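Going line by line, the protein sequences match chains A and B.
According to numbering that gives the first Met the number 0, the first sequence is numbered sequentially starting from 0.
According to numbering that gives the first Met the number 0, the second sequence is numbered sequentially starting from 0.
Simulated from the structure, these hints should not be mistaken for lab results.
What you are looking at is a predicted structure, and each value in this text was computed from that prediction instead of being measured.
Just so it is clear, CB atoms sit at the ideal spot from N, CA and C, and this is done for glycine as well.
Keep in mind that the hints are not guaranteed to be accurate.
Said to hold, decoys possible - Facing chain B, a subset of chain A residues (Cβ under 7 angstroms, in silico):
no.: 1; residue: Glu85
no.: 2; residue: Gly88
no.: 3; residue: Glu108
Said to hold, decoys possible - Some chain B residues judged to face chain A by a derived CB distance under 7 angstroms, without partners named:
no.: 4; residue: Glu152
no.: 5; residue: Tyr153
no.: 6; residue: Gly154
no.: 7; residue: Ser155
no.: 8; residue: Pro159
no.: 9; residue: Pro198
no.: 10; residue: Lys222
no.: 11; residue: Tyr238
no.: 12; residue: Ser268
no.: 13; residue: Glu269
no.: 14; residue: Ser270
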Amino acid sequence: MKSSGSEKKKEYDKMVQNTSPKPKLLINCVKAFVVGGAICVLGQIIINVLKYWDFNKDDAAMITSMFLIFLGSLFTGLDLYDSLGEFAGAGSIIPITGFANSIVASAIEFKKEGYVLGVGAKMFTIAGPVIVYGTISSVVVGIIYFFFGG
Amino acid sequence: MGTQVGTQTIKFDNMPKIVSHAAIVGPKEGEGPLASYFDQILEDVLWGEDSWEKAESKILKEAVLMSIKKASLNLSDIRYIFSGDLLSQLIGTSFALRPLGVPFFGVYGACSTMGESLILAAMTVEAGFADYCLATTSSHFCGAEKQFRFPLEYGSQRPPTSTWTVTGSGAVIVSKIGTGPKITYAIPGKIVDLGAMDPMDMGAVMAPAAADTIVSFFKDTGKQPSDLDLIATGDLGKYGSKLLIELVKKEGYDLTSNYIDCGMEIFDSESQNTLAGGSGCGCSAVTLAGYILEKMEDKEINKLLFVPTGAMLSTVSSNEGESIPGIAHGVVLEN
């Protein structure tokens with residue numbers, strides 16, 4: 000081969016692009032929309048029922064979160080959430096049930112390494128970044144709101 | 000005693016023989032197209048153990064013992080064991096071999112480990128340092144997921160280029176005497192990196208390494224693909240295989256008529272949802288120790304170039320933005 004290293008790499012990259020299929024973006028978006036939407040509809044139903052039972056808005060929202068977290072965790076433990084995730088992708092990762100799934104899945108996986116260094120240390124390996132950057136984002140938004148929120 | 004041919008090929012003059020082979024696989028592999036060739040199919044992936052790692056060790060240990068039993072040998076006949084796996088610091092292997100008391104060389108070639116251990120076993124026997132050596136490797140789907148990807152129950156989506164790590168272990172005994180397919184050539188692989196970055200597309204990572212090893216063998220020996228009955232790569236999968244055929248074609252060799260990839264043979268990717276195919280150290284090991292060697296015994300295949308392929312990444316190197324180097328070791332077996 001006479002072409003230089005970087006040319007060879009570029010050429011190969013083109014070959015790979017032509018050969019390896021891309022994930023089906025449209026169908027995956029539709030699946031994510033339907034499943035993610037369904038989870039949100041479920042949350043809305045719970046909120047409405049709670050409001051009907053005279054819970055105030057804040058309490059209803061909090062109890063709904065708890066309920067969805069419980070369901071996400073339960074279905075993870077029942078070995079079902081991973082199948083849902085394989086079908087729905089971001090549709091089941093983004094809602095709070097997905098957050099619960101990421102924590103419970105890690106806890107189950109690393110339990111064999113003990114409760115302190117296994118479950119305790121590794122439970123947040125996937126959820127950790129979400130917490131860190133979620134917190135930072137909320138601080139930034141809070142500062143903006145403080146100065147410009149009126 | 001062996002000769003050096005060309006730039007990287009070894010020609011064995013004494014021709015060590017593979018006198019025994021055993022393959023144990025998990026339940027999913029047992030539902031695949033090669034099921035009838037395996038010595039044992041497990042009912043569940045834990046096999047009575049309480050962790051994936053312990054289960055993998057047990058699978059490897061039992062495959063080793065089974066290959067020894069099938070050859071009517073004793074454990075003490077085995078001079079050295081060459082083995083490795085995908086788990087950090089090779090715990091799958093070293094814990095498996097802990098109770099056996101046989102001198103052990105731990106090797107790491109990622110999913111190409113079967114090729115590496117087979118070459119080293121053959122060289123040791125050829126050189127007269129051992130009458131019997133055992134070459135083996137293993138992988139476990141759940142252990143590999145835990146180590147390289149996500150916890151098993153995490154709900155993520157796999158891209159179509161991703162592969163399914165084979166749960167299983169293949170073991171072969173390489174001997175100075177006896178009957179069985181002869182190891183005639185070995186082509187130790189180079190690290191080849193054409194800049195592929197995607198750990199979810201290992202076929203693209205490893206295809207250039209496989210092409211390099213295969214082309215080197217043909218150039219070193221002057222042989223052609225048609226001189227062989229079968230060329231089998233390890234785990235390039237559906238798309239990696241296409242890339243390999245194209246890369247080798249560029250060098251003037253045609254693989255289209257007698258080439259398979261173990262990763263595409265072991266599962267039915269449509270019905271078993273394994274996307275691009277099977278992968279892992281176990282993939283090429285059980286396909287060799289089960290299917291291919293059986294076919295060689297039946298004389299359906301008489302000349303084989305076996306090229307297990309490995310991707311030499313770690314989660315650290317990927318996180319640090321490194322591209323993924325590949326490696327492929329070639330072994331020629333003849334009846």
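Here is how each hint holds up against the structure:
1. Taking 7 angstroms as the C-beta contact cut-off toward chain B, the hint placing A:Glu85 at the interface holds, the least distance being around 6 angstroms.
2. A cut of 7 angstroms between beta carbons decides the hint on A:Gly88: the least distance to chain B is about 4 angstroms, and the hint holds.
3. The interface hint given for A:Glu108 holds, since its Cβ lies 3 angstroms from the closest Cβ of chain B, which is under the 7 angstroms cut-off.
4. Taken as an interface hint, B:Glu152 checks out: its beta carbon lies about 4 angstroms from the nearest beta carbon of chain A, inside 7 angstroms.
5. The interface hint given for B:Tyr153 is met, as the beta carbon of that residue sits about 4 angstroms from the closest beta carbon of chain A, less than 7 angstroms.
6. Annotation: interface hint on B:Gly154 holds; nearest CB of chain A at approximately 2 angstroms, less than 7 angstroms.
7. At about 6 angstroms, the closest approach between the beta carbon of B:Ser155 and any beta carbon in chain A falls short of 7 angstroms, and the interface hint on this residue holds.
8. With a least beta-carbon distance of about 5 angstroms to chain A, the hint placing B:Pro159 at the interface is held under the 7 angstroms criterion.
9. Using the Cβ-Cβ criterion of 7 angstroms, the hint placing B:Pro198 at the interface with chain A is not satisfied: the shortest such distance is roughly 13 angstroms.
10. Look at B:Lys222: its Cβ only gets to about 21 angstroms from chain A, farther than 7 angstroms, so that hint breaks.
11. A least Cβ separation of about 5 angstroms between B:Tyr238 and chain A falls short of the 7 angstroms threshold, and the interface hint therefore holds.
12. Checking B:Ser268 against chain A by beta carbon gives a least distance of about 13 angstroms; that is not within 7 angstroms, so the hint is violated.
13. At its closest, the beta carbon of B:Glu269 sits 14 angstroms from a beta carbon of chain A; the interface hint therefore is violated under the 7 angstroms criterion.
14. A hinted interface residue such as B:Ser270 counts as satisfied when its beta carbon comes closer than 7 angstroms to some beta carbon of chain A; here the least separation is about 16 angstroms, so the hint is violated.
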